[in-house]
Structure formats: C-alpha cells, structure tokens
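These protein sequence lines map, in sequence, to chains G and D.
According to the working numbering, the first sequence is numbered sequentially starting from 4.
According to the working numbering, the second sequence is numbered sequentially starting from 4.
If you're looking for bench data, these hints aren't it; they were derived computationally from the structure.
There could be a bad hint or two in this list.
One copy or two, it doesn't matter: identical chains are merged, so the pair holds either way.
In silico lysine to any residue, SDA-like type, Cα no more than 20 Å apart, as pairs [as the list claims (entries may be wrong)]:
id	residue 1	residue 2
1	Lys12	Gly55
2	Lys79	Cys104
3	Lys88	Leu38
4	Lys88	Val10
There are 2 protein chains.
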Amino acid sequence: MNDLILVGKHNDVKAEIIDDGQNARGVEKRVLIGLKEGAPNYIMRHFKIKAGGFTPNHAHPWEHEVYILKGNGILKTSEGEKLIKGGDYVFVPPNESHQFCAEGGAIEFICVIPKHGQ
Amino acid sequence: MNDLILVGKHNDVKAEIIDDGQNARGVEKRVLIGLKEGAPNYIMRHFKIKAGGFTPNHAHPWEHEVYILKGNGILKTSEGEKLIKGGDYVFVPPNESHQFCAEGGAIEFICVIPKHGQ
Numbered sequence: 004m005n006d007l008i009l010v011g012k013h014n015d016v017k018a019e020i021i022d023d024g025q026n027a028r029g030v031e032k033r034v035l036i037g038l039k040e041g042a043p044n045y046i047m048r049h050f051k052i053k054a055g056g057f058t059p060n061h062a063h064p065w066e067h068e069v070y071i072l073k074g075n076g077i078l079k080t081s082e083g084e085k086l087i088k089g090g091d092y093v094f095v096p097p098n099e100s101h102q103f104c105a106e107g108g109a110i111e112f113i114c115v116i117p118k119h120g121q
Numbered sequence: 004m005n006d007l008i009l010v011g012k013h014n015d016v017k018a019e020i021i022d023d024g025q026n027a028r029g030v031e032k033r034v035l036i037g038l039k040e041g042a043p044n045y046i047m048r049h050f051k052i053k054a055g056g057f058t059p060n061h062a063h064p065w066e067h068e069v070y071i072l073k074g075n076g077i078l079k080t081s082e083g084e085k086l087i088k089g090g091d092y093v094f095v096p097p098n099e100s101h102q103f104c105a106e107g108g109a110i111e112f113i114c115v116i117p118k119h120g121q
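All chains should be modelled from the sequences, with the hints used to inform the complete structure.
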C-alpha cells in the first residue's frame, strides 16, 4: 500500500523535455503532485530551463502561481519584461501572456496550475 | 494601476508569527499569492520554521501541496515520521494529520492550499 502522505524528491521524477527549437527551448518539466498522485484541485510542477532557454510565449484561461527556486531570468509579458530571480514569486492571472526565459545560468521554479488547466 | 502580472520577493511580504509556545513554535507564515492578489482558486504561502520550531499537529478537510526550499526536518504523520529536506515535495491529502518540525537549522517551504481552506 502506498503511503497516504507522499514525500518525494523532484530529481526522482521523470522529466518531460519541452524543446521544439523555436517556440520553446531547453525546458524540463516534472509533474510533482498531479492527478496520478491524487491532487484534488491543483497541480504542482517543477521546471528547469537551461541557460538561454525559454518556455512558449502564450496565454491560456487559467492562472499560474510560481515560486522561483534558483537562477535568474526574464519574464516577458504584455506589460514588458520583468526580472525574476530565486526567492521571487510570480502570479500570472488567467489570459495574460507570459514567457519565462533563463539568463546567464539555468533557472528553476515551481509552477502551480488548476487541474482543469492540464 | 497595478501590474497585471505580479512579481514579488517573499522577504518583502509581512510575516504572521505562529507561536503559542505549545501547539506551534517559531513559525513565520507569509501569504505570497492570496485573495488580495486575485488568486482565483488556490493560495501560495511561504513558511519559515526556526530550528526546534514546529507547526500545529492537526488535520483539516483540504490538501497541502508543499515544496521544501531549504533545511531539513521531520514531518509527523499518522504513518510515522518522515524525513524532509530541501528539494523534496510533499502531498498531504485532505484529512491527514501532519506536523512540520524543523531540525538542526531553520526549514523553509512553500505550501499551497485551496482558497476555501483559508
């Protein structure tokens, strides 16, 4: 029987690589706490973007709640570029365009989405 | 006008001290992304527990999705004690008892709850 309370290491979760060489580059995504783990309402993911990499520049009807774990980078938005670094939190409301870009070294962050945003 | 996309530093958020000397000790709680910031579905909080401190041992009908930022400690559960350290994620399903305890040094973590769990 599995433990009811799950403790895991993010490095032990298999990464999905997001990199089409154009819209996204050098992104590793790990679903830490998702539907498979029994998440009732929202999904916790871990992202690592290597230096020079970026997520897609897009918008969608659900929010992101983000905490930057390490590194620094730029968040491109409709309001311009915002600097982000370890220890920052980021709230992207629904329908706001956003793109996370690593600068210098890799950047790592936690990003939580509603389960209907899968 | 406030920016639509919010970027903040967790250290700039005022802490609520949770410490009655008995059920909880040495806990700083910061609501990073909450109702005030427009969170539609779930709330991101930052916790820091000083060495030897602990959160209340309790259970409630909502889940926790947690990411340990730094430090190490013990999570007390109905299944026994689980070691936790920086880089770990923790899923506490609804109604499972839990208590986060710092060991050695301080421990810091992100904890996400549904907005109806306020």
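Which numbered hints fail: Per hint list: 1 and 3 violated.
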